[in-house]
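Heads up: the sequence shown runs through residues 53 to 339, numbered per this note's numbering.
Hints in this document: simulated from the structure, not taken from any laboratory. One or more hints might be untrue.
Computed Cβ-Cβ distance ranges for the label pairs, DEER-style [as the list claims (entries may be wrong)]:
| no. | residue 1 | residue 2 | range |
| --- | --- | --- | --- |
| 1 | H155 | A95 | 50 to 56 Å |
| 2 | R307 | R158 | 37 to 43 Å |
| 3 | A318 | D121 | 23 to 29 Å |
| 4 | R146 | E81 | 31 to 37 Å |
| 5 | R126 | A314 | 39 to 45 Å |
| 6 | R158 | E127 | 50 to 56 Å |
| 7 | I324 | E113 | 53 to 59 Å |
| 8 | R97 | R58 | 14 to 20 Å |
| 9 | M88 | G182 | 20 to 26 Å |
| 10 | G83 | P295 | 27 to 33 Å |
| 11 | G65 | R322 | 19 to 25 Å |
| 12 | I124 | H155 | 39 to 45 Å |
Even for Gly, the Cβ is constructed at its ideal location relative to N, Cα and C.
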Amino acid sequence: MVDQVRLFFVGEGRPVRDLHRQLEAVFEEDGYPIAMVELDEAADRHEISIYADAEDETAEERIRSAAPDLSINREELPEIDWVTASLQGLKPVRAGRFLVHGHHDRDRLQPSDIGIEIEAGLAFGTGHHGTTAGCLTVIGEVVRRENPRWMLDLGTGSAVLAIAMAKLTRRRVLATDIDPVAVRVAVENARLNQVGDLVRGETAIGFAHRAIAAAAPLDLIVANILAKPLMRLAPEMRNHLVPGGSVILSGILQRQRNAVIAAYVAQGFRHIRTLPLEGWVTLHLKR
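My request is simple: use the sequences and hints to build the entire structure.
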């Protein structure tokens with residue numbers, strides 16, 4: 053049975069971004085999800101997808117009314133229990149001492165493992181992406197050597213990284229995200245992993261929150277977001293770190309590595325290590 057259809061097309065530059073905003077308004081009352089995914093950063097090429105009810109015969113017409121010359125593709129999406137389906141293919145992921153797993157794989161934990169139980173849900177970060185696994189590996193190394201007291205997980209998603217820091221150190225970790233849904237999920241995940249008293253979730257854009265100001269200067273900041281925002285945040289990273297403090301950065305493609313490092317070196321950071329994984333890199337730098 054077909055439950056939904058995905059109507060999608062590709063565009064470049066400012067016109068496709070403007071069209072994305074226009075279509076959000078067109079489909080706002082229907083509550084149809086609209087996603088824009090970057091296909092090619094250099095060419096500024098993006099794909100826009102609208103997920104419409106299969107019975108809605110007007111959705112494609114409304115897209116064409118906004119952009120008559122578009123080449124629109126259509127994909128039928130059958131009715132599926134996506135949570136169950138995703139969990140069936142979600143295998144435990146090992147990163148250093150950490151084992152990220154769903155509840156159905158609790159029996160795979162070994163006595164020496166630090167288990168992090170995360171279900172496929174609304175927030176990014178189940179440990180199965182190379183950026184999350186890379187951060188977990190580097191967190192284990194940095195915490196062992198530096199024993200940080202004040203820590204921030206900036207852009208926490210599902211709170212995998214905040215939970216990891218809390219479990220390793222048994223100290224408080226501030227976990228922030230721009231998405232309030234992600235923050236709610238992060239807090240729930242921290243409770244599930246018995247560190248609800250150590251992980252504090254807050255909705256914040258960048259460093260603009262009184263909780264971050266109150267916690268600064270920090271010993272360790274972890275940020276698994278994207279290269280361009282990380283580069284813009286370099287001055288604030290420095291301002292919120294103790295001298296000798298560390299940042300662990302990911303969400304960075306291999307070809308973006310040098311630009312991100314240069315942005316941080318310009319702010320007085322020293323590059324310590326690059327960990328490549330699945331086409332992504334995780335960086336460790338020290339102020």
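Margin query: Output the indices of the hints that this structure fails to meet, ascending.
Written below: Of the numbered hints given earlier, those the structure breaks are 1, 3, 4, 6, 10 and 11, listed in rising order.
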